[in-house]
Amino acid sequence: MIPIYSELFSHEAEVTSENEKILHVVDAVVPACAKDAHCIHDRSDDCEALPDAHFAAGHQFIVRQTGARHLYFDGKNQGFDFFTRRARSKWAYNVERIHQNRIRKRTYDCGALRVSLEKNGKSSRLVVMKGRDGGYCWLLYYFKDCRSTKQAVELPLKGYGLRWKIEEVHREIKVDYKLEAMRVERY
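Position in the sequence shown (from 1) plus 564 gives the number in this note's numbering.
Dumping the calculated BS3-like pairs for lysine-lysine here, alpha-carbon to alpha-carbon at most 30 Å:
1. Lys585 x Lys722
2. Lys654 x Lys640
3. Lys654 x Lys729
4. Lys694 x Lys729
5. Lys654 x Lys714
6. Lys722 x Lys683
7. Lys599 x Lys585
8. Lys694 x Lys654
9. Lys683 x Lys654
10. Lys683 x Lys640
11. Lys708 x Lys599
12. Lys708 x Lys683
13. Lys585 x Lys729
14. Lys722 x Lys599
15. Lys722 x Lys708
16. Lys708 x Lys686
17. Lys694 x Lys669
18. Lys669 x Lys714
19. Lys722 x Lys654
20. Lys694 x Lys714
21. Lys694 x Lys640
22. Lys599 x Lys683
23. Lys708 x Lys640
24. Lys742 x Lys729
25. Lys669 x Lys729
26. Lys722 x Lys738
27. Lys714 x Lys599
28. Lys722 x Lys669
29. Lys585 x Lys738
30. Lys686 x Lys599
Simulated DEER-style distance windows between Cβ atoms:
31. Gly699 x His634: 17 to 25 Å
32. Ile667 x Glu578: 38 to 46 Å
33. Lys683 x His663: 34 to 42 Å
34. His734 x Val579: 24 to 32 Å
35. Gln664 x Arg607: 17 to 25 Å
36. Trp655 x Ala592: 31 to 39 Å
37. Val579 x Gln664: 30 to 38 Å
38. Ala577 x Ile667: 36 to 44 Å
39. Phe646 x Lys714: 16 to 24 Å
40. Ala592 x Arg727: 17 to 25 Å
No lab work stands behind these hints: they were computed from the structure. Heads up, the beta-carbon is just placed ideally off N, CA and C, and yes, glycines get one too.
Construct all of the structure, not just a fragment, from the sequences and the given hints.
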């Protein structure tokens, strides 16, 4: 487990961008982590600044994609509709999620492609997950030691699955203890 980071903020204090906040948190937490740790981000963190900063710092990362950006494949700038059609779905994975206090099982057919953020940029991979009941999910990631396409699919799925579980526990704690309603104020 890694240390939990929390921070109080003020509406009157200087404004810091969300990306700067996230990078500050990553810089504070990553030194306490194992060398092979991965930074896992949700769709809200799908922007240009975060992957660039992770590459520059040498961090391994997983970012769930919104499907709005373009990536480079074989030197050409492509959209996610291209990647969805191009990825060969060789492996099927079952995912269990808790939704409205019931366990939901979904099956995804998955494949991976080598992509880059810039034309001649550092190579990363994009996992394309096609839900058998419909829907898609894309995970952009960079691992230093990824040797096979099957491993290229399994590692980000496992990492993002752990993130889902942590988020469910976090959501329960927020609801049970009404953390959203707490405020620190001056009287």
